[in-house]
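> Could you put the whole structure together from the sequences, leaning on the hints where they help?
Line by line, the protein sequences are chains A and B. Mind the numbering: the first sequence is residues 1 to 329 in full-length UniProt numbering, read in order. Mind the numbering: the second sequence is residues 1 to 329 in full-length UniProt numbering, read in order.
Since the hints were derived computationally from the structure, they do not count as laboratory data. Do not take every clue at face value.
Copies of the same chain look alike in the list, so a pair counts if it works inside one copy or between any two.
Quick list of in silico lysine-lysine cross-link-like pairs, DSSO-like style, CA-CA up to 27 Å [what the hints assert, rightly or not]:
(1) K149 / K311
(2) K230 / K328
(3) K110 / K170
(4) K110 / K160
(5) K193 / K323
(6) K328 / K222
(7) K227 / K202
(8) K222 / K248
(9) K292 / K323
(10) K170 / K149
(11) K323 / K230
(12) K160 / K170
(13) K184 / K124
(14) K328 / K124
(15) K222 / K202
(16) K29 / K230
(17) K311 / K170
(18) K195 / K292
Protein chains: 2
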Amino acid sequence: MLKTVILPLSLLMLTLSVQASRIDQEPIKVIEPATGLNTAMVELGKNLWFDPRLSKSNAISCNSCHNLATGGVDNLPSSIGHQWTIGPINSPTVLNAEYNFVQFWNGRAKDLKAQASGPIDNPKEMAFTHQLAVETVASIPAYQTMFTKAFGSKDISIDKVAQAIAEFEKTLRTPNANFDLWLKGDDKALTAKQKAGYQLFKDIGCIACHSGPAVGGQMYQKMGLVKPYKTNNPDTGRAAITNNPSDKHFFKVPTLRNVELTYPYFHDGAIWSLQEAVEIMADVQLGRTLSKDESAKIVAFLQSLTGEQPKVTLPSLPPSTYKTPQPKL
Amino acid sequence: MLKTVILPLSLLMLTLSVQASRIDQEPIKVIEPATGLNTAMVELGKNLWFDPRLSKSNAISCNSCHNLATGGVDNLPSSIGHQWTIGPINSPTVLNAEYNFVQFWNGRAKDLKAQASGPIDNPKEMAFTHQLAVETVASIPAYQTMFTKAFGSKDISIDKVAQAIAEFEKTLRTPNANFDLWLKGDDKALTAKQKAGYQLFKDIGCIACHSGPAVGGQMYQKMGLVKPYKTNNPDTGRAAITNNPSDKHFFKVPTLRNVELTYPYFHDGAIWSLQEAVEIMADVQLGRTLSKDESAKIVAFLQSLTGEQPKVTLPSLPPSTYKTPQPKL
Ligand code: HEC
Ligand code: HEC
Ligand code: HEC
Ligand code: HEC
Ligand SMILES: [Ca+2]
Ligand SMILES: [Ca+2]
Numbered sequence: 001m002l003k004t005v006i007l008p009l010s011l012l013m014l015t016l017s018v019q020a021s022r023i024d025q026e027p028i029k030v031i032e033p034a035t036g037l038n039t040a041m042v043e044l045g046k047n048l049w050f051d052p053r054l055s056k057s058n059a060i061s062c063n064s065c066h067n068l069a070t071g072g073v074d075n076l077p078s079s080i081g082h083q084w085t086i087g088p089i090n091s092p093t094v095l096n097a098e099y100n101f102v103q104f105w106n107g108r109a110k111d112l113k114a115q116a117s118g119p120i121d122n123p124k125e126m127a128f129t130h131q132l133a134v135e136t137v138a139s140i141p142a143y144q145t146m147f148t149k150a151f152g153s154k155d156i157s158i159d160k161v162a163q164a165i166a167e168f169e170k171t172l173r174t175p176n177a178n179f180d181l182w183l184k185g186d187d188k189a190l191t192a193k194q195k196a197g198y199q200l201f202k203d204i205g206c207i208a209c210h211s212g213p214a215v216g217g218q219m220y221q222k223m224g225l226v227k228p229y230k231t232n233n234p235d236t237g238r239a240a241i242t243n244n245p246s247d248k249h250f251f252k253v254p255t256l257r258n259v260e261l262t263y264p265y266f267h268d269g270a271i272w273s274l275q276e277a278v279e280i281m282a283d284v285q286l287g288r289t290l291s292k293d294e295s296a297k298i299v300a301f302l303q304s305l306t307g308e309q310p311k312v313t314l315p316s317l318p319p320s321t322y323k324t325p326q327p328k329l
Numbered sequence: 001m002l003k004t005v006i007l008p009l010s011l012l013m014l015t016l017s018v019q020a021s022r023i024d025q026e027p028i029k030v031i032e033p034a035t036g037l038n039t040a041m042v043e044l045g046k047n048l049w050f051d052p053r054l055s056k057s058n059a060i061s062c063n064s065c066h067n068l069a070t071g072g073v074d075n076l077p078s079s080i081g082h083q084w085t086i087g088p089i090n091s092p093t094v095l096n097a098e099y100n101f102v103q104f105w106n107g108r109a110k111d112l113k114a115q116a117s118g119p120i121d122n123p124k125e126m127a128f129t130h131q132l133a134v135e136t137v138a139s140i141p142a143y144q145t146m147f148t149k150a151f152g153s154k155d156i157s158i159d160k161v162a163q164a165i166a167e168f169e170k171t172l173r174t175p176n177a178n179f180d181l182w183l184k185g186d187d188k189a190l191t192a193k194q195k196a197g198y199q200l201f202k203d204i205g206c207i208a209c210h211s212g213p214a215v216g217g218q219m220y221q222k223m224g225l226v227k228p229y230k231t232n233n234p235d236t237g238r239a240a241i242t243n244n245p246s247d248k249h250f251f252k253v254p255t256l257r258n259v260e261l262t263y264p265y266f267h268d269g270a271i272w273s274l275q276e277a278v279e280i281m282a283d284v285q286l287g288r289t290l291s292k293d294e295s296a297k298i299v300a301f302l303q304s305l306t307g308e309q310p311k312v313t314l315p316s317l318p319p320s321t322y323k324t325p326q327p328k329l
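As structure tokens, this is what we get:
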């Protein structure tokens, strides 16, 4: 009897110590579900997230380009905006975006709230004005109620719209990826191939840029560090913000969480195959040619970063009133 | 003690008899939640419903024009399709569409299944081909699994795609509208104004065309029966199908369930105000000029037809593979 009690206990302690050590020592950290959010603000933000009335045409919402059914992206090289305008750059995922040290490829917004009002009056995206967006929301009684619940007042401003959307975006984490289960001590959560891929990812230096809970999102780095990256996309990255020529082609290192869902890859959305993206990275960032076997192992590891997708129930958006501005196609 | 038992019982019997009589005698019938559906097929159909890869651009899904967050419509005069093509006619709601005796304004599809493959290869809508849509779905292993669960085989055809989407659409009923609670015997479910509006709706003859569970969807009728309806829309309605000049401007009578959400109104989507739509109907269909008070009462009644909106959790669509055709913008 004593034996059967002691054995599981010692196993448990072993597990706990593996767990503690991996969580402490690995450069990639676990993603936990969001907590401590303002639920009334999340609910309001979810309505705004899905509301196409924040766009001039009333046909484009945040979810059009960051579809929560497809990894928080649109799976297009670059997005389709107002009047089928093709945007200049690939749409990054909003999943786990809260972990980004800044928002946008070139970091021009400091956080989710600062980012969220941008697309609304971007002529290539939602093509509206902040004033009309606020008038639209304010014309709908049910929104006034939601704002009162979230902010204690029915006064509506673009700032509060952005804050509520940002609060909703904070719910968009993807916990319990197989990689996280492994980090927490479950040895069987990764296949041998995935473990080998992760080892390679660390050994050859990918981890220098892609680490932390989001496996990226923590710094700017040059695309084409050791060898130029060939692209037709004229974007200069960070240099457009700093006007410093040495920042040319520096982009925020993207998250690799859910990367198997967020094709096509890179800021130009030119690469459809994850294996090809991995081989390009090794080549242009590290000056290293990977064998097919090596890149396949890394891909297998990257697939272990796909977490539980947020379970989002579509809101029932409150109807417009005679005061609501009508769509302009 | 005896008294307290007998009183509720007799009240109950009174309620039951009101209930039975309203349900039997009123020309509008209760909407009940859908039952007996194939759940594996519903789940598959939901994925297809939200999958923009059924369109040439990979940017347009069924939900783009029949947004389940906005009453199953896009709230535009006419829909935006591939490359921002503005469609020829207003998008009808898919909520309760199963009750329609035929599908489309002119009835050219006999049921939901016959309808569902139409938009995919319509150049103004999803602009794809059925062959490419089937190739797309077949290239994705998780879809093969879903087809096997739903149909017992992983063979994929446009016919099965349509059947699965139709099965999902059958879930899109909106039960428990206040009007239905009243039909079932709850006297307080309608306000006095709504009851007066319903009485008017019956007395002046709206009910002749708008009846049954969907409050419409049971017949074709001429738009402009007693007086021409002025519109810039060239659609001839049923006549385009029958080539019979006497069918000119005959349309399927639309459902009035959730009509407060499905603005703008009529096949041309020209009328934004429900009160104005009601007044036009009285004028052109019945030769009758309503007072503002009368039309307001009817609007109040129509608002009691808004039911519980389907609670739809977004699917997590399975990722494409190297075999999946790429989007063409
Ligand atoms: C028409 C397409 C489109 C729409 C609509 C759109 N976005 Fe974006 N979004 C993009 C693109 C493209 C980028 C990248 C732009 C850049 O970095 O310069 C982006 C970037 C972002 C980022 C930064 C992510 C990162 O990793 O840097 C967030 C967060 C975001 N969008 C949220 C939103 C919200 C919230 C809305 C609605 C209010 C919205 N988007 C509407 C296309 C769109
Ligand atoms: C010196 C920094 C650096 C190193 C080292 C590095 N990366 Fe990257 N990685 C980046 C940057 C910056 C981008 C964004 C480039 C762009 O989009 O133009 C990126 C993008 C990616 C992408 C595409 C993500 C997306 O959503 O578009 C993948 C996949 C990727 N890296 C994997 C790797 C792998 C695997 C390695 C090692 C073989 C690696 N990276 C090494 C900085 C780095
Ligand atoms: C680009 C816009 C657009 C897209 C995409 C679209 N629809 Fe429609 N839908 C319409 C319009 C417009 C009509 C009315 C056409 C007519 O009656 O001639 C319609 C009609 C319908 C009807 C008939 C409803 C009624 O009351 O007669 C159903 C059902 C329907 N669509 C389902 C779907 C499904 C399923 C898909 C995806 C496979 C889809 N729609 C994609 C715009 C669209
Ligand atoms: C003779 C048949 C007939 C009668 C009577 C009739 N309707 Fe209609 N109703 C229709 C038809 C047909 C349409 C579609 C017309 C169109 O879209 O061009 C329609 C459309 C509507 C619409 C717009 C629905 C939508 O989603 O676009 C409303 C609202 C409506 N009717 C309410 C009423 C009311 C209220 C009355 C009585 C005052 C009434 N109807 C009487 C046949 C009728
Ligand atoms: Ca991408
Ligand atoms: Ca309509």
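> Each hint should be assessed against the structure and marked as holding or not.
A quick look at each hint next to the structure:
1. Both within a single protomer and between protomers do K149 and K311 lie at most 27 Å apart by alpha-carbon distance, with minima of 23 Å and 22 Å respectively.
2. In the homo-oligomer, the alpha carbons of K230 and K328 lie at most 27 Å apart only across protomers (22 Å), although the nearest pairing inside one protomer, at 39 Å, exceeds that limit.
3. Taking identical chains as interchangeable, the C-alpha atoms of K110 and K170 lie at most 27 Å apart only when both belong to the same chain, with a minimum of 15 Å there against 45 Å between chains.
4. With identical chains, the CA atoms of K110 and K160 are at most 27 Å apart within one copy only, with a shortest distance of 17 Å there and 48 Å across copies.
5. In this homomeric assembly, K193 and K323 come within 27 Å of each other (Cα to Cα) only across copies, at 24 Å, whereas the closest approach inside a single copy is 60 Å.
6. Proximity of K328 to K222 under the C-alpha cut-off of 27 Å is found in neither arrangement, the shortest distances being 40 Å within a copy and 30 Å between copies.
7. Taking CA atoms no more than 27 Å apart as the test, K227 paired with K202 passes inside one copy only; the shortest distance there is 21 Å, against 77 Å between copies.
8. In the homo-oligomer, the alpha carbons of K222 and K248 lie at most 27 Å apart inside one protomer (7 Å), although the nearest pairing across protomers, at 65 Å, exceeds that limit.
9. Taking the shortest Cα distances, K292 and K323 sit within 27 Å of each other only across copies (19 Å), while inside one copy they are farther apart (60 Å).
10. Taking the closest pair of Cα atoms, K170 and K149 come within 27 Å of each other only inside a single copy of the chain (19 Å); across copies the shortest separation is 35 Å, beyond that limit.
11. Taking the shortest alpha-carbon separations for K323 and K230, only the inter-copy value of 25 Å comes in at or below 27 Å, while the best intra-copy value is 51 Å.
12. Taking the shortest alpha-carbon separations for K160 and K170, only the intra-copy value of 15 Å comes in at or below 27 Å, while the best inter-copy value is 38 Å.
13. Taking CA atoms no more than 27 Å apart as the test, K184 paired with K124 passes in neither setting, with 43 Å inside one copy and 51 Å between copies.
14. Both within a single protomer and between protomers do K328 and K124 lie at most 27 Å apart by alpha-carbon distance, with minima of 14 Å and 19 Å respectively.
15. Taking the shortest Cα distances, K222 and K202 sit within 27 Å of each other inside one copy (19 Å), while across copies they are farther apart (72 Å).
16. Proximity of K29 and K230 under a CA criterion of 27 Å is satisfied in neither setting, with 32 Å inside one chain copy and 65 Å between copies.
17. Taking identical chains as interchangeable, the C-alpha atoms of K311 and K170 lie at most 27 Å apart whether they share a chain (13 Å) or sit on different chains (22 Å).
18. In this assembly of identical chains, K195 and K292 lie within 27 Å of each other by CA distance solely inside one copy; the values are 17 Å within and 73 Å between copies.
Hints 6, 13 and 16 from the list above are not met by this structure, while the remaining hints are.
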